[in-house]
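Participant: Please build the complete structure, drawing on both the sequences and the hints.
Note that the protein sequences, when read in sequence, are chains A, B, C and D. With this note's numbering applied, the first sequence covers 1 to 353. With this note's numbering applied, the second sequence covers 1001 to 1353. With this note's numbering applied, the third sequence covers 2001 to 2353. With this note's numbering applied, the fourth sequence covers 3001 to 3353.
Check the hints yourself; a few may be wrong.
[Stated by the list, open to error] For lysine to any residue, the following SDA-like pairs were computed, each having C-alpha atoms within a straight-line distance of at most 25 Å:
hint, chain 1, residue 1, chain 2, residue 2
1, B, Lys1085, C, Thr2020
2, A, Lys85, D, Thr3063
3, B, Lys1074, C, His2146
4, D, Lys3270, C, Ser2308
5, A, Lys112, D, Lys3034
6, B, Lys1270, A, Gln51
7, C, Lys2313, D, Lys3034
8, A, Lys255, B, Gly1050
9, B, Lys1074, C, Gly2267
10, A, Lys349, C, His2146
11, C, Lys2112, D, Asn3264
12, A, Lys270, B, Glu1314
13, B, Lys1349, D, Ala3031
14, A, Lys112, D, Val3033
15, B, Lys1255, A, Lys85
16, D, Lys3198, C, Met2001
17, C, Lys2034, A, Asn348
18, C, Lys2349, D, Ser3308
19, D, Lys3349, C, Met2001
20, B, Lys1034, C, Lys2313
21, D, Lys3270, C, Glu2311
22, C, Lys2112, B, Gly1032
23, C, Lys2349, B, Met1001
24, B, Lys1255, A, Gln51
25, D, Lys3112, C, Gly2267
26, A, Lys198, B, Cys1250
27, C, Lys2313, D, Leu3273
28, A, Lys112, D, Val3035
29, A, Lys349, D, Val3033
30, B, Lys1255, A, Asn302
31, B, Lys1112, A, Asn307
32, B, Lys1034, D, Asn3348
[What the hints assert, rightly or not] Not everything, but these chain B residues come out facing chain A in the computed CB check (under 10 Å):
hint, residue
33, Ala1031
34, Gly1032
35, Val1033
36, Leu1037
37, Ala1039
38, Thr1098
39, Asn1099
40, Arg1102
These are calculated hints, taken from the structure and not from any lab test. C-beta atoms are modelled at their ideal positions from N, C-alpha and C, and glycine is treated no differently.
Spelled out from the first residue to the last, the chains are:
There are 4 protein chains.
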Amino acid sequence: MFNSFGNILKLTTFGESHGTAIGGVIDGFPAGVKVDLDAVQKELDRRRPGQSKIVTQRKEPDTVEFLSGIFDGKTTGASIGFVIKNTNQKSKDYNHNTNVYRPSHADYTYDKKYGIRDHRGGGRTSARETANWVVAGALAKQLISHISINAFTSSVGAIFINKPYQDLDFSKTETNDVRCPDLDTADKMITKIKEIRKEGDTIGGTITCVLQNMPVGLGEPIFHKLHAELGKAMLSINAVKGFEFGSGFCGAKMKGSEHNDIFNPDGSTKTNLSGGIQGGISNGMDVYFRVAFKPVATIMQNQATINSEGEAKEIQGKGRHDPCVVPRAVPIVEALAALVVADFYLMNKTRSI
Amino acid sequence: MFNSFGNILKLTTFGESHGTAIGGVIDGFPAGVKVDLDAVQKELDRRRPGQSKIVTQRKEPDTVEFLSGIFDGKTTGASIGFVIKNTNQKSKDYNHNTNVYRPSHADYTYDKKYGIRDHRGGGRTSARETANWVVAGALAKQLISHISINAFTSSVGAIFINKPYQDLDFSKTETNDVRCPDLDTADKMITKIKEIRKEGDTIGGTITCVLQNMPVGLGEPIFHKLHAELGKAMLSINAVKGFEFGSGFCGAKMKGSEHNDIFNPDGSTKTNLSGGIQGGISNGMDVYFRVAFKPVATIMQNQATINSEGEAKEIQGKGRHDPCVVPRAVPIVEALAALVVADFYLMNKTRSI
Amino acid sequence: MFNSFGNILKLTTFGESHGTAIGGVIDGFPAGVKVDLDAVQKELDRRRPGQSKIVTQRKEPDTVEFLSGIFDGKTTGASIGFVIKNTNQKSKDYNHNTNVYRPSHADYTYDKKYGIRDHRGGGRTSARETANWVVAGALAKQLISHISINAFTSSVGAIFINKPYQDLDFSKTETNDVRCPDLDTADKMITKIKEIRKEGDTIGGTITCVLQNMPVGLGEPIFHKLHAELGKAMLSINAVKGFEFGSGFCGAKMKGSEHNDIFNPDGSTKTNLSGGIQGGISNGMDVYFRVAFKPVATIMQNQATINSEGEAKEIQGKGRHDPCVVPRAVPIVEALAALVVADFYLMNKTRSI
Amino acid sequence: MFNSFGNILKLTTFGESHGTAIGGVIDGFPAGVKVDLDAVQKELDRRRPGQSKIVTQRKEPDTVEFLSGIFDGKTTGASIGFVIKNTNQKSKDYNHNTNVYRPSHADYTYDKKYGIRDHRGGGRTSARETANWVVAGALAKQLISHISINAFTSSVGAIFINKPYQDLDFSKTETNDVRCPDLDTADKMITKIKEIRKEGDTIGGTITCVLQNMPVGLGEPIFHKLHAELGKAMLSINAVKGFEFGSGFCGAKMKGSEHNDIFNPDGSTKTNLSGGIQGGISNGMDVYFRVAFKPVATIMQNQATINSEGEAKEIQGKGRHDPCVVPRAVPIVEALAALVVADFYLMNKTRSI
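Facilitator: Here's what the structure looks like:
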């Protein structure tokens, strides 16, 4: 219940940042699907730390090893177990933090909730967990390969892409370190992140994700609306503070006569303020949504804090962290979107005769 | 799977706007809780149509009838079944819509997904379903009565409350038709909604919700983060397009050194940009979040559309609908928040020895 | 979690024997299935008390009322809500039992578990709940109408059918009050039950159930084996003490060389000691199983017992109860079997591409 | 959904007999429980092949490696991931079976269901999976260490213990290869199994399991009755054909006046035909149940069969298999019983205030 995601296609995960390995079980994946395991590794490489100058310099090779459920290049219908070994956990980087609560981290809440704390880094709360999601999402992508899923960095701090997504070329996303398909904006974002890193600070940003070639009918109307599950998935990512789809928060300022999407004779709509979803169900138009990330809590500046006895302490910014998590979160957003959509795709097979 | 919400405290619902009754089953409610059924009915009355001049003039008395699980004023631990009869369904209001897809409604997606359509109003997609949620939420509120849950209308169109929630007096929320605790702003909002109604149009808005006296430790860290479940719940409400908590989308523009919440010696924090949640778990500070509602799709103006054969049709704005759903959604937001928090409250009893 | 059965096709129920109504929600039923509601009522009539001289003389008309999910004779894909009103609850029959624990009933365990007790009859523990199951099972039967499901009374006390089920004519099951398709045995069973009733006593028995025209491939191999879910379902019926399928307990005395079912060229097997299931998955042969029912605990004799203060009390056998529940349990066994098989039928749609 | 067991304490598994490793994730285990990992390994050793002369001579060291969720000898509340490497998989033993359906094995049903078959041994259907269950069950035992769980071989073929379990000394169970605490009977069973092995045949048997020091109140009344979940768990074990608890199938021949368990003043009962469960809830008396195992399908004799083209084939009995699985299944029965009881123990924490 606590470490599982999905309904029919279900991912259950385990692992702490500084243990032996992280991993998971992918259950409900249908039999007979050809899978490209190199493509899975490639997705994992996109998320990996140390891949460019604007992300954390921790080196985690992050090699996924599949233990079951795949035979002769195809899924067998059995559950798919996998592990990713932790090879470079420098626990000593964290030793100075024993007993101290880092501001805006989960140290305090974990300690109070469980009465026990694994102080070697974030323990279970570490974003390393998202590597598991990328593995599962990469397989899910292959199950629904007819659907295109493209996420990209749409803003860093106050710098944002000033164009509708329709004017972007998604093939450019991977050409730059910040994963922004608009290259001018990408340059500005990279400059900004470097500046922030030099200050020992961090900065927030947003990711936009677009699902194209969506079939009509994915999503369940009441408590499993397509956008509600997408929202829940995105809000599960570390540092996320908000989610909106279609017109989003801007839609709250509009009139119905402006906001309604008028039909074309083929069932498509002239506008798409709905974001491709009506009543929780995809209508065949592009689904698009935006995710807000706060600045990472670990900064390279000294901060006042307390320890578990409530004594005042000063925490020093050490360790190897990201000045901006947004670029590395792009494959995570895509992975979770793929998991959600693939789950609904399987669910939909049971909804009508 | 499809019509249930919650994990331990689980609501399963049924019902269409124009059938005999709607209702549901509340499962997992602990035994021995004193329940005030009048308080449940009062919550339902807050949601009811026809309660003021700025909401739909449909008259639905919406009387909840409990069928099980409560004996001598206490819960028995058995599942709680309830129904709300539909007494005022004017199907004829909708007869002209047979076969026609209303723009930005779920008619098209339902028809394509299920291959069948109950054209009497929205069928299962009607916001009437939310009456079920209010019933369950009102009971959940009583289970966690030590926690205060206050939602209110924070904006209508471009009119918004220009104060932090700490400066508001929540006891004023119910004193005006738009459910805005800031009375000057409330007046402006009401004027705006009346104007919009006269135009035969509708308008969007936002609701802010604040949870106070929260215990530390509610929420589960990976896929059941407190804010992720709150987000999913809110995104399940009809017309919702976005959700943010704590610093939300604004947080995406900030630096870590600005955003981090520094601890006081007692474990509380000097600021609360985190929105009372660290790593998915409540930290004892106020939890607050904001929900964006698009303008209702049903407008009293004629609109071009298509029918199920793809032929061009004109749809006429008839029926009895809300110019702005936001005021009536306030108790719905509170109800879902109560369900989420009560579920985590029960879940938490199993998390440590 | 507590009052739900099934995975994709999920029944959630509520109701006590002496409340206003019992009922439930059937979720996950696909859209577009033609349903015969008279056939549902007929199944309910088979379970009804008062239908013959060898069952309880309580009169419960047990009329099911569907509240949603069905429109113009077809399922819509929405959840199906239903209620059965309690019209003949004679609570006074039970008043003498307030505070007294009836031997081998659930009074004691409910009281200790929940700290509260609804002493009007069995409350939630009453077998009246099984009427809900029959409603859901009758709809499930229509979803998998290509599969034949036939249960019958195979023993009452020491009287049992001395033939393999293949030699029975299931069309005779409903021709006699004890629901035994072997008419000579049926006569002996009826005589026995009348004798037992005269003694103010009760007697146990077994039901055998046969599923024919089963497709190959239903059931999931690890924790959702077809026979494991059938077993769980049957063990949920009040008074059931055992479940076996195929060779059952007899198989435990056999050798592998005797027990193995040798294949015919078409994949069918020459014998069927496996009971139509290999590795948890149906193999296309008949699935058959047997369910043991203890004698009903409520007898018309005085019994020594205690009350909630631990004081010695004598309990008097009053009320209207069944001398043998087995005949009335036949439609319940069929209903649950139908629910299990229909659930696997839907699940199977997601298991391969 | 497909490879998970339990509600709050949930085990999700993966792995095939001839892959790299098997393993799983244990979710919902509370934080702060001291765990003895050597005790877990010891349970695994009890299940291991090759431990005595009457079981299969395959050598599988079966060493469990925990990857997460345990820190400094205590559970952290995080999910517990574990793997057991497959070190001795002799796939060549099975090569002759490619394409051939072994009688009364799952080869045929897997092939038809998934359209793909991993012919290296049983694949996912192998009883090797039960090693995962033993790991999880051994941890569950430690969570509910106040409850005693003792299973033992109660019959092999027609040889059975002719005493009530109250007259047995469970400390003798592990003193002999067949795991029968009645030593005279144990000798006869061992002789019988050796004889059967010499014939190249296999034989069935039964296991009885007794839960002592049970608290009152475990189990949920409707669809999660304690005995129904125990039954489902036991029916999930490979080769199981039947389950009964308390009076079981014998109870079906009794009268109510004989079967009712009369109370003592302290709430215990003079007899215990109920098997410690009333209305699905434990009443504090011993819970006891019996599980029937068919003879293993793999025999060392030649058998006629077919291949996937429906052609007649002869299958030769090779490989290393158990003449009687019952002794090795004893720790498996205990493990699953522990998982079921521990799950209800956690669930119960949420059922009353």
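Participant: Taking each numbered hint in turn, which are not upheld by the structure, reported in ascending numerical order?
Facilitator: Violated: hints 3, 6, 7, 9, 15, 16, 20, 29, 31, 33, 34, 35, 36, 37, 38, 39.
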